[in-house]
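Modelling step: build the complete structure from the supplied sequences, incorporating the hints.
The primary structure of each chain is shown beneath.
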Amino acid sequence: MQTQPNQAITNPAAANPVAANPSAARPEPTLMPPVDIVEDGNGITVTADLPGVDPDDLVIRVEGRSLTLEAPLRLGEADAVSFVYSEVRASRYRRSFELSGELDTGAIQAELRDGVLKLRLPKSERAKPRRIEVRAAQ
Amino acid sequence: MYPSMLKGPGDLFADFSRLQERLDELLGDIREPSSIRAVARQGAFPVLKVGSGQEATEIYAFAPGLDPSAIDVSVEKGLLTISGNRTTGAEDGKESREGKDEIAYARERFTGPFRRVVSLPEDADTTKVEASYRNGVLKLVVPRLEAARPRQIAVNR
Numbered sequence: 001m002q003t004q005p006n007q008a009i010t011n012p013a014a015a016n017p018v019a020a021n022p023s024a025a026r027p028e029p030t031l032m033p034p035v036d037i038v039e040d041g042n043g044i045t046v047t048a049d050l051p052g053v054d055p056d057d058l059v060i061r062v063e064g065r066s067l068t069l070e071a072p073l074r075l076g077e078a079d080a081v082s083f084v085y086s087e088v089r090a091s092r093y094r095r096s097f098e099l100s101g102e103l104d105t106g107a108i109q110a111e112l113r114d115g116v117l118k119l120r121l122p123k124s125e126r127a128k129p130r131r132i133e134v135r136a137a138q
Numbered sequence: 139m140y141p142s143m144l145k146g147p148g149d150l151f152a153d154f155s156r157l158q159e160r161l162d163e164l165l166g167d168i169r170e171p172s173s174i175r176a177v178a179r180q181g182a183f184p185v186l187k188v189g190s191g192q193e194a195t196e197i198y199a200f201a202p203g204l205d206p207s208a209i210d211v212s213v214e215k216g217l218l219t220i221s222g223n224r225t226t227g228a229e230d231g232k233e234s235r236e237g238k239d240e241i242a243y244a245r246e247r248f249t250g251p252f253r254r255v256v257s258l259p260e261d262a263d264t265t266k267v268e269a270s271y272r273n274g275v276l277k278l279v280v281p282r283l284e285a286a287r288p289r290q291i292a293v294n295r
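Which chain is which? The protein sequence lines are A and B, in order.
Under this note's numbering, residues 1 to 138 are what the first sequence spells out, in order.
Under this note's numbering, residues 139 to 295 are what the second sequence spells out, in order.
Simulated from the structure, these hints should not be mistaken for laboratory data.
Using N, Cα and C, we set each Cβ at its ideal position, and we do this for glycine too.
There may be inaccurate statements among the hints.
Looking from chain A toward chain B, a few residues come up when the C-beta cut is under 8 Å (computed) [unchecked claim]:
no., residue
1, Pro34
2, Val35
3, Ile37
4, Asp40
5, Gly41
6, Pro51
7, Val53
8, Ser82
9, Ser124
10, Ala127
11, Ile132
Dropping the structure here:
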């Protein structure tokens, strides 16, 4: 699993596959993995279903405020096998999210297990909820 | 929903699949064609892919995050059934989870009981089905009966 923070990519419109890949006249179809997104006081947890993805193949990119998950789908089928029925045709997962400014992009943690990715996006210290002590005026 | 693997190209499913591909093309859905969510919207879990080879039929079920021992695979009268129950943590009481300052923005992942059925070819050797689970994909290999495999027949003089 690779995390590449602030990787220099000239095109910021990563959510748009046409713009992100100008060389391809027609972009390669991609699968959009379903996600659960839950926020708590300390950050946001994104859980994504990525069946058929090897942890070594998953690329998580952060460019500015955009977070992109991308991975090839590999089934390891026998060479002599041809698919006769398929509910998924694309061979690549891709999904982008726009992050809000209070998330600490340098501290993102990712874990992929049995085709389920857990991404933890912590809030930066100053954005965490705090209790403000009210002192009685003298 | 019940893919037949008895027939080669030209059968109803292949035709339908081609029609769908053609429609995708015509509608020019350049953003996200064949989205896994569109599949999920039809309520299909796990998503299936079926491959046919000379020696075996391979069935792939996209079932991420499951305990392999909790997936039930059975074969009866030429029908292979994959069933089980998926928990994602989203269903255990909204009050208890979201009481702790938790807010859910998206709950797209499938949760709950599932069941899918695939009809096997007539020459399937259902006594030798092999199942494995890797990276969230259940792979079932159903060999063809020896007698049904293509063979070279030597001509004697």
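Verification of the supplied hints:
no.: 1; hint: Pro34; verdict: 4 Å, holds
no.: 2; hint: Val35; verdict: 6 Å, holds
no.: 3; hint: Ile37; verdict: 4 Å, holds
no.: 4; hint: Asp40; verdict: 5 Å, holds
no.: 5; hint: Gly41; verdict: 5 Å, holds
no.: 6; hint: Pro51; verdict: 4 Å, holds
no.: 7; hint: Val53; verdict: 6 Å, holds
no.: 8; hint: Ser82; verdict: 6 Å, holds
no.: 9; hint: Ser124; verdict: 17 Å, violated
no.: 10; hint: Ala127; verdict: 14 Å, violated
no.: 11; hint: Ile132; verdict: 17 Å, violated
Checked against the numbered hints listed earlier, the structure breaks hints 9, 10 and 11; every other hint is satisfied.
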